[in-house]
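Turn these sequences into a full structure, and let the hints guide you.
So the protein lines, in turn, are chains A, B, C and D.
According to this note's numbering, the first sequence is numbered sequentially starting from -17.
According to this note's numbering, the second sequence is numbered sequentially starting from -17.
According to this note's numbering, the third sequence is numbered sequentially starting from -17.
According to this note's numbering, the fourth sequence is numbered sequentially starting from -17.
Hints are computed from structural coordinates only; laboratory data are not their basis.
Owing to the predicted nature of the structure, the values given are computational and were not obtained by experimental measurement.
Same chains, same label: a pair holds when it works inside one copy or across any pair of copies.
Subject to a maximum C-alpha distance of 20 Å in a straight line, what follows is the list of computed SDA-like cross-link-like pairs (lysine to any residue):
hint, residue 1, residue 2
1, K104, H143
2, K104, I177
3, K346, P1
4, K104, A176
5, K307, D377
6, K(-16), P262
7, K40, L290
8, K6, S41
9, K136, D265
10, K104, K136
11, K353, Q390
12, K83, L(-15)
13, K104, S132
4 protein chains.
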Amino acid sequence: MKLFEELESEVRSYCRSFPTVFTKAVGAKMWDEDNKEYIDFFSGAGALNYGHNDPKMKSKLVDYILADGITHSLDKATTAKGEFLTAFNETILKPRNLNYKVMFPGPTGTNTVESALKLARKVTGRPDIISFTNGFHGMTIGSLSVTGNSFKRKGAGIPLHNVVTMPYDSFVSDKLDTLEYLERFLEDRGSGVAIPAAMILETVQGEGGINAASYEWLQRIEKICKRWGILSIVDDVQAGIGRTGTFFSFEKAGITPDIVCLSKSIGGMGLPLALTLIRPDLDIWAPGEHNGTFRGNNHAFITATAALSYWEDPKFEQSIAEKSKKTKAYLEKIVQDYPEIKGHFRGRGLMVGICSEVEGLASKVAAEAFKRGLIMETSGPDDEVFKLFPALTIDNETLEKGFNILEQSVRAVIGKKELVTP
Amino acid sequence: MKLFEELESEVRSYCRSFPTVFTKAVGAKMWDEDNKEYIDFFSGAGALNYGHNDPKMKSKLVDYILADGITHSLDKATTAKGEFLTAFNETILKPRNLNYKVMFPGPTGTNTVESALKLARKVTGRPDIISFTNGFHGMTIGSLSVTGNSFKRKGAGIPLHNVVTMPYDSFVSDKLDTLEYLERFLEDRGSGVAIPAAMILETVQGEGGINAASYEWLQRIEKICKRWGILSIVDDVQAGIGRTGTFFSFEKAGITPDIVCLSKSIGGMGLPLALTLIRPDLDIWAPGEHNGTFRGNNHAFITATAALSYWEDPKFEQSIAEKSKKTKAYLEKIVQDYPEIKGHFRGRGLMVGICSEVEGLASKVAAEAFKRGLIMETSGPDDEVFKLFPALTIDNETLEKGFNILEQSVRAVIGKKELVTP
Amino acid sequence: MKLFEELESEVRSYCRSFPTVFTKAVGAKMWDEDNKEYIDFFSGAGALNYGHNDPKMKSKLVDYILADGITHSLDKATTAKGEFLTAFNETILKPRNLNYKVMFPGPTGTNTVESALKLARKVTGRPDIISFTNGFHGMTIGSLSVTGNSFKRKGAGIPLHNVVTMPYDSFVSDKLDTLEYLERFLEDRGSGVAIPAAMILETVQGEGGINAASYEWLQRIEKICKRWGILSIVDDVQAGIGRTGTFFSFEKAGITPDIVCLSKSIGGMGLPLALTLIRPDLDIWAPGEHNGTFRGNNHAFITATAALSYWEDPKFEQSIAEKSKKTKAYLEKIVQDYPEIKGHFRGRGLMVGICSEVEGLASKVAAEAFKRGLIMETSGPDDEVFKLFPALTIDNETLEKGFNILEQSVRAVIGKKELVTP
Amino acid sequence: MKLFEELESEVRSYCRSFPTVFTKAVGAKMWDEDNKEYIDFFSGAGALNYGHNDPKMKSKLVDYILADGITHSLDKATTAKGEFLTAFNETILKPRNLNYKVMFPGPTGTNTVESALKLARKVTGRPDIISFTNGFHGMTIGSLSVTGNSFKRKGAGIPLHNVVTMPYDSFVSDKLDTLEYLERFLEDRGSGVAIPAAMILETVQGEGGINAASYEWLQRIEKICKRWGILSIVDDVQAGIGRTGTFFSFEKAGITPDIVCLSKSIGGMGLPLALTLIRPDLDIWAPGEHNGTFRGNNHAFITATAALSYWEDPKFEQSIAEKSKKTKAYLEKIVQDYPEIKGHFRGRGLMVGICSEVEGLASKVAAEAFKRGLIMETSGPDDEVFKLFPALTIDNETLEKGFNILEQSVRAVIGKKELVTP
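Here is the structure:
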């Protein structure tokens, strides 16, 4: 690790939580230099929903490389891109009765968000965006302006503008209807809040504390947007691609966003890729009005296309549902069995965690887990949630093994006197 | 192409200039669906300085994939990253007496620029950045704010703030000293221009018209920055990695920027990667203050490391110098032989082109070239420059073949009556 | 009136509601060119709390002018200013146990607000201000940014920044606690709302609909400000100087703002004057850091000093209280007797009105009143309130005469069929 | 003075340069508590062009007050306002072939500037304003954003946006053509400078160093504005109302601004008043879109109307011209006779001064002058200019007496060894 300390910037972060040098990874497991095995309940913060180095994706990618397939193409047309577009349309959009134009905005989550905000402003001619408390959308200035976290926001070094933050579902309290507030602000012409270009939201907030909005709340958001001519943007970068149980996280809510942001696991194997899905009549971009050097990352098109085949078989969704159920039951049992952690279950699908009211506990649990061979992260403005993001393809044995390590870690932490609540 | 028109967003751009579906690429050549061969004088806008699918990089990458090397790692430590850091330090920094901490800010040019601007603001506590006319730094709001192009800027949909644009070398006229202006603004306390956090510039402006700043101008910029405690940021995303003849574009000017932005060809084979190089005492980031999902793109670490081996042998720089000389001589001959195009040579190294005063001519030349099997782009606020970005590794035969096609294209265009100047 | 249409800008406003040319005014009455008499229930939007052309103020002013007293002094020391400062300290501040430094920021309401916001930002080093729904603070860009009205805000022509609007007391409904909402935003580090430099508020919102915050709400605001180190700014431009019954509108709430903005009636006779009162330890202005040509309007110092003598006698407050009680009783009777207007009493002291749920009714009542010789205005984002701002010095006969005209106007309006609710 | 130190804010400024309490003033003279007489070469920073307490204005004002004329009227029509509008149209606009609608925006210079910027943005739909180095336009956020002085700008506490500062005439050097620079930014679509809504400028910069733009420069500005559809705003708050020799400062340049800002001496006697003059077809304000409590300051209408009578007789302009000539000759002699001050004459008309290259000299001269009974101020970003703003109505004897005091003060200062340049 000394090498990294010497040569790499102080900004590095996860390598401090997981202080070892990784060498190899397959499925839900990783190995380090000392060949120590780790179960990965982090999954690249949602970029590895299909696990590490999926054999089918690997094989397609290697074949493509050996055949001198185009690697980098900006936004020129390539066979690899054409095949991905076709597969995405046939496997994902059509069966869900969705009709979107696909934009490749540069291969990171923040790029798709930036493109979505630009387009919403262009379409409506309005500058403001409504974002939600504890939303996370990225680290470039446009995306950061709609991100809630104060530490991240301060990093901008300049005031962030053209955004109004509204309370997410259950933000004030479980009883308080946050949308009554939002609507009052919109309908009162003296509220100081102008009708915005768009609302941007995650259906489950990944970085902000694994907060899952209710379907009813999401449906009302959609209605409010329609009433006021506001575009709805779902940032499905982290919650999408099966993480909450369905390809898009909003499917079960029965809503249809005007714009959808995808990245992370859309590339299948962890290769950089991002998509912005646009309601066709909103696709009023001028050619090149938003661009980027790596928007044509063809290796990722290859693995992304291979990944879509998982969704051809309805059993895939069923298996996620089963694992989700199991995981939820397990976490609720933890909450019940260890009242000392003052825990609450959070999340949806395989995007879940436990929020602990005990200050610092979640981080300690994650640290203990790492020592025991489990990679797991925290979430929330005060790192108050320890979260479980296993690969969707994880086998039951590994999942349970991970559970066991987690429980040992919880025990280890609460065994320490300073944390025990009498 | 119909597939792309139907499924892909209207924002697509290069696929309109080069309307064919590409399938394969090796070195300086590409092939399309009909197996038509193209010479590539575009090189992925500078992302393919080593040509397409370099055999050594390919081979290392395939081996890595087959061995289940880590693909995606956020900013966890991996063997692939460690090896890249070591090689970059040994092969590039040390021999040039440079001492930088390396940050991986998310794998696109705009991400490295955003991180540089944030850090400069954090270090100095000042909000403003001085950018330069016709500078191009990216499409996310932070980078866009320091980009000059009015069409791109309007795409933001909001006013862009915290930036002052100063005239680049020779902006007003070849005779006018633009730095006299800049200094007056800095030294006069009533100028309306506050001392900024940083100046950001390209040594040769890639998108803005292949404008090459003189070494003297760059040296004076460095002096001005030092005098006022302003950080200097060189955006070497396009001009770096050998494009102008040396690894960093600023080497021959003898300057040492405080922060350097690298992307595009740093990944070697066109895979997404970006680096922000930081003067060690400025590296005051808090852990995770800037982050991004794909900042650990290990495939790119593998190919990037392989690419660095080119720089171990001084003959590589010599060969670029020879091709540069040849290309410059060739372009100057074009300018001389075809006075109808009212052309001027522009650029440095293999980042060169001809600026034509005849409106629309550059685009027509590029279009003709494409028909004849040469991929070439235009540059400048009015697309007034046709530019040549051959691979640094191109062989002489292919280079000359490209020259011939270019000359045929020029002839074809000026043969059209409406363009001939009597 | 044709003269004004031809020569004056389209921006003129009240001359459209009150289309006559006024010539003379005494106490609570005005006369126009045709010598028609009007009772003034508008009082210059709160700038004429002591009525028109108070004889004592007039006399002192004329004496001063005839003696060639300094008229205009920038911020030089003058006898007139010294006397005002002394009287203000002795008559107003000391008896109320208040300790403020007095700043003269330029003689309009918006100037004092701009100075208060600047100072709050300087003291705290924070950029943001929390304002409240339906707050009104002025029309220059700084003040406009903390003003709620969307029509006024759009007039800026640019997005307004560095402000977060929070719900005023009873904004959503009478039952909902808006401060629970506010506190959640402050305490959650992911809320997107940074701790601001200051909160700025009116205790009774003059332009925003004569909304009176409860004393409890104001007390809790003060507590919240203290808890988070936020400065409290009370904009008492309209509600101050006796309008709500006490010199400062916040006296009965028992709070002590950090900064107080005064203008309108502080000058006594309607002459331009504004004060910013500053908690002494916050008075960290550098000399001249905020200035303005007319901050030394000595004529206004003379009349302002004369006006303060009203406050030497406790009977003055008692008389306001009596008139307030009478006016409230009268308005509540109107509400009861005319259910067709769907009215609700609003306000405090002599800053009162009736909010009507019948669209357009308030404006019609005001228009009818004008025809009958009563000057009265509307308020609220949809002009849904007709408001009564009689001079604090009005005699009972004139007050009652005004009441009668108002009632006749209400009757006239609801007599019109389209407004009668069956 | 102790009274002011105790009760008034630290922001006070001129009372520190002129530490005495003034009581009385007539014409070009002031007296303090000790009945010491001062010649006033400051004239309220240009608000007292007709001197203090002009007898005719006084008389009209006292008559008006005694007759209970309307004092405060918001923007209601009054006889006093009607008479002013008529007189302004007949005496000022018509004889100069000018056609403007008159707006009363609130009675301070910064208010008229804010209204002008708003209107320019509304008319053009563009956010940016071009301002000029060392321009001064006011202290509220909108006006401050177009003000050059860095100390004033920092006082905002927030970054100031939507403005681009261009070099004023002779900013870099007397030889360099600053408009060539400006035009390059406008015509190059990659310059980072968008076509602005307006350019705002003073023809002679009052606070910024008494810099007088040449007529040719002003004419070229007008042409550039017309070429690009940019509105021209002349801020004539300080340079207008005869200060440079003609009523409007731009008359001799032969230009016709689209919008003109007036305040300071427009009120005649130093009473707060401001006007925004608007080209009739640009007067697209909605009623009340910009407003302010004191926009109907009728006392100022009375004195302003009386003041206009000065302009009915062409001898008034002649007398200013004579005094200007004399003053210039005198100042040039000072420059010549005292080479130690390294002085340069600056200004136009009776808006003149000497710029001294000796650091701190101008302030010392002003301080010496005050001791000797002459009130005089400095100007420029480093207070490097001592300026003379005598009343336009000053008699020759007083003017010369002032000159003598000034010369004594210069001698006194350079007699001090540390300032003498060998």
